[in-house]
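**Student:** Residues per chain, in single letters:
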Amino acid sequence: MKTLILQGLAVLGFVFFSAMFLVWWERKVSALIQNRVGPMVVGWHGTLQTVADSVKLLLKENIVPSGVDKLIWWLAPFFVVVPPVMAFVTLPFGKSMIVRDLNVGVLYVASMTAICVLGIFMAGWGSSNKYSLLGGMRAAAQIISYEIPLLLSSVLVVMETGTLSLQGIVEAQAHGWFILKPHLAIAFLIYLIAATAEVNRCPFDIPEAESELGAGYHTEYTGMKFAMFFVGEYTSFFIVAAMATTLFLGGWQGPFLPSFVWFLIKTYGIIFVLMWVRWTLPRVRMDQMMSFAWKVLTPISLANLLIGGWFMVNA
Amino acid sequence: MDLQELTKILNERFPGVLGEENKTAVVIKKESLLEVARFLREDDCAFENLHCVTAVDRRDKMELVYHLYSFKLKFMLTLKIYLASDDLAVETLSGIWKSANWLEREVYDLFGIKFLNHPDMRRILNPEEWTDYPLRKDFDRPDFIRLPQTEGLKAGG
Amino acid sequence: MHKRAGMGMLRKIKVFYLNVKSLLVGMKVTFKNMFAPRVTLQYPQEKQPMKENFRGMVDLIPEDCVICYQCIRICPTAALDLGHKQIIVDEKKKNEITKFTFNTELCCFCGLCEEICPTEAIFLNKMYEVAAFRHEDLLKIDLMDAQKYKHLDKNYIFKKKE
Amino acid sequence: MPMTNFDIKNIDPEKEDNLSFEELIVNMGPQHPSTHGVLYLELTLDGEVVLDCRPHIGYLHRSCEKIAENRTYVQFIPFTDRLDYLASMNNNLGYVLTVEKLLNLQVNERAQYIRVIIAELNRVASHLISAGTLAQDLGAYATPLFYCFRDREKIVELFDTLCGSRLTYNYMRIGGVKNDLPPGADTSIKSFIKYEREKLKEYDDLLTYNAIFLSRTKKVGILKKEVAINYSITGPNLRASGVPWDLRKEEPYLVYDRFNFDVPVGEAGDAWDRFKVRLEEIEQSFRIIEQALGGIPEGNPTVKINKVYKPAAGEVYLRTENPKGELGFYIVSDGTTKPYRNKIRSPSFSNLAVLPELVRGVNISDAVCVLGSLDIVMGEIDR
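First to last, the sequence lines map onto chains A, B, C and D. Going by the numbering used here, the first residue of the first sequence is number 134, and it counts up by one from there. Going by the numbering used here, the first residue of the second sequence is number 2, and it counts up by one from there. Going by the numbering used here, the first residue of the third sequence is number 34, and it counts up by one from there. Going by the numbering used here, the first residue of the fourth sequence is number 259, and it counts up by one from there.
Hints listed in this document are in silico derivations from the structure and should not be mistaken for laboratory results. One thing to keep in mind: the hints can contain errors.
[Said to hold, decoys possible] The calculated DSBU-like cross-link candidates involving lysine-lysine, where the alpha carbons are at most 30 Å apart (straight line), are:
id, chain 1, residue 1, chain 2, residue 2
1, D, Lys562, D, Lys359
2, C, Lys47, D, Lys457
3, C, Lys181, A, Lys161
4, C, Lys84, D, Lys457
5, B, Lys81, D, Lys359
6, B, Lys138, D, Lys476
7, D, Lys568, C, Lys65
8, B, Lys138, D, Lys596
9, C, Lys45, C, Lys127
10, B, Lys62, D, Lys562
11, D, Lys562, B, Lys81
12, B, Lys115, D, Lys477
13, D, Lys324, B, Lys62
14, A, Lys428, D, Lys476
15, B, Lys30, D, Lys412
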């Protein structure tokens with residue numbers, strides 16, 4: 134029991150630390166790209182800026198707009214934060230650094246990231262704001278559509294290893310990362326694109342499309358609730374990047390350095406690439422995005438599944 | 002093409018619509034505005050562009066100024082009509098030139114000239130419940146910041 | 034028929050390739066910019082020197098003013114207010130400024146007063162940080178006072194324009 | 259309407275639990291990230307499709323025309339800065355040219371050349387912002403906008419040394435300009451042109467031929483030639499619709515007839531064409547500036563402002579090619595030192611009037627894109 138609590142606390146601590154770090158890192162990357170320097174004042178190179186920001190958000194007045202559906206509106210941020218935090222339970226950070234190695238790990242993580250959509254839709258619906266509603270509806274359509282290519286490409290890994298346990302998948306990559314195999318490399322790319330859409334990041338950030346919908350589903354949230362959406366978003370972001378690492382890049386496998394360092398390096402590498410994409414590309418339109426999911430990504434991942442299966446049978 | 006020629010054409014086509022002589026503009030009677038406008042748009046001169054609609058408050062009467070442009074002739078025609086102060090209403094041109102829609106709304110907003118048969122005759126810049134017409138010469142408000150009266154003020158050189 | 038279908042497929046692949054390439058080219062641009070020199074300043078710590086003829090707050094050299102009222106006349110926003118009276122010093126008539134105030138709220142920093150002044154008495158200094166805690170602090174600034182902007186900027190020193 | 263496979267008769271409007279269809283009215287603005295100022299669009303939506311759009315303007319109305327009636331001709335110059343605040347020099351220019359025509363005033367050669375150079379530089383600055391904000395509206399988060407501002411900054415710096423202000427320049431004077439070009443302006447402008455030409459290639463890579471950007475802007479908000487002329491659209495928006503009309507070419511003012519430049523024209527009149535025409539116009543402006551710098555004569559372009567202008571009674575309507583379109587000043591003089599009437603025909607006003615026509619039936623995301631591509635400035639619309 135005691136270890137369980139400790140592990141829980143460690144996970145929670147890591148979640149918030151990671152979210153704060155990612156916010157800072159995102160601001161630094163954007164500054165790098167835009168010939169700026171980013172936050173510089175609080176702490177060394179602004180490292181404590183996010184801490185200052187969270188303190189500010191904590192102290193802010195919690196405005197409840199009149200006309201909101203109170204219960205749904207209050208619950209929504211929790212639905213956005215809690216599932217990604219729960220997904221941490223089964224992420225293999227290192228050789229023995231895992232809270233619980235579930236034998237349905239892949240499914241568990243996928244379902245946990247998918248639950249977020251509920252929170253987002255609740256926020257959109259409960260705010261009784263038209264922009265929020267549009268954002269919520271967009272999010273629901275988007276996340277559910279992109280769930281399919283996401284899972285189809287992870288299924289390929291499961292087929293390769295024969296296990297749903299994440300630790301098992303990492304161990305299966307001891308003699309070579311999965312990304313080195315051609316069909317899995319394609320699966321990796323599909324996974325990355327779908328994951329970007331899954332966590333509502335540019336170029337697929339249409340649920341919160343700033344220039345169209347104000348701020349989308351979290352338009353009406355202030356203070357700590359807004360911060361929770363932020364934490365939830367960045368935690369999901371970490372989760373999908375960590376899953377990409379685990380499934381395709383050999384997880385914590387790597388020479389010389391301790392295993393969890395390798396895991397973090399790979400994860401943050403993927404995160405960096407996704408940030409770089411975000412600060413470069415314009416946003417796609419809703420209908421273009423949906424047709425991309427159903428007409429391009431899903432057929433390609435299905436075909437890829439077929440080819441991969443054929444490979445496995447014949448090789 | 003210059004103003005004389007155009008005046009001549011208009012005089013032949015619509016005898017009696019030209020109002021008083023003017024060196025820079027064609028002045029026509031209010032009643033024949035729509036006719037003349039349609040002619041100018043569709044005839045050979047092809048005044049395809051209604052560039053600007055505005056009014057000038059002449060205190061005793063209101064002067065409505067249309068600036069029409071023809072890409073073909075490269076000529077800017079100033080068309081004027083005069084409205085009596087007690088009858089500030091004129092036929093709209095928004096059926097002929099779409100650009101007239103907003104430009105006429107602006108004139109309505111600032112001068113209070115009503116455009117008949119206009120599709121959307123609302124104030125455009127000022128609040129809708131307001132009743133004043135700010136560009137009329139008699140419009141004044143106590144909270145205007147006025148420039149100081151400096152006539153005759155001088156001390157040094 | 035088959036050939037055409039094949040061509041269509043090829044074309045599609047080509048378009049797909051070009052699309053992906055265009056995205057990657059954009060990524061290359063942003064990547065290059067990551068190593069470009071920074072263009073921003075850390076503002077409150079680092080400040081850009083103001084240009085030679087920068088138009089900041091209105092300032093006055095009282096002894097140079099000949100009370101010609103040119104600046105009052107030219108000011109498009111009535112931001113300046115000047116008054117004078119005649120006094121007799123050593124049996125000679127002399128004009129003295131009774132008030133010369135400047136209203137920051139109305140000023141549009143066009144610099145016309147500076148341009149028209151025959152003796153270059155009135156000029157626009159290089160002050161640009163003009164925040165005040167009270168509205169009244171900005172309304173009536175006495176231009177005759179050498180410490181006129183001390184309440185807005187504690188580093189303010191009256192300095193003639195070069 | 260989405261009721262085709264649905265038997266409408268079976269719906270009882272009295273019952274609340276039946277499916278009901280409703281149009282969604284969304285108030286976009288006056289505070290909204292992509293309305294380019296305080297513009298308020300009343301959008302009627304069916305899901306995400308815009309059924310109708312009613313622009314409400316006037317939030318920035320200062321009645322510049324009334325102010326003009328109470329100011330002398332010189333005093334009104336600073337107010338023209340505040341019309342299209344992204345292209346103050348061009349507004350200044352349009353106003354002083356009108357007054358000069360009213361006064362029959364001749365301006366010396368050097369002043370005319372300087373005016374051309376400065377106006378073209380400001381056109382570049384304005385087009386850069388337009389490109390950046392369109393990209394911002396399309397969701398390319400801040401990066402292109404920052405790049406455009408970075409490049410515009412160099413022009414603004416030059417104007418700062420020239421006239422002492424960064425946004426509201428108040429530089430043109432009736433009969434000349436305020437200051438002569440500072441020493442070294444020649445080389446700094448030339449080096450800027452060299453720098454910016456490289457950056458324009460970067461913009462092409464980053465935006466113009468980017469697959470996502472193309473898919474968002476191509477065939478979006480198509481403005482047909484006839485519609486554009488009928489709505490009296492001017493400037494790059496008109497040229498993007500395929501009308502090769504540029505006042506600098508067709509009715510040259512200043513010394514534009516001495517320079518060799520092209521008029522970029524679009525084909526389809528969609529958002530992408532409008533964007534592309536602006537980028538190409540930057541290059542044409544560079545050509546004009548280079549030629550003007552090469553042929554600039556000696557002389558004294560400055561004028562004293564303490565003269566009181568008293569034009570004879572009469573009226574003048576003069577248009578100049580502004581970055582946003584044709585800016586017209588209609589000044590009626592009654593022989594006093596103040597104009598009797600000063601009408602400002604602002605290009606953005608007419609360009610915005612066409613918006614409802616363009617956004618009917620498009621997606622809400624495209625509506626934002628169309629608005630961004632029209633490149634409006636509220637200071638000029640509301641005046």
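**Student:** Which hint numbers doesn't this structure obey?
**Tutor:** Hints 3, 6, 7, 9, 10, 11, 12 and 15 not satisfied by this model.
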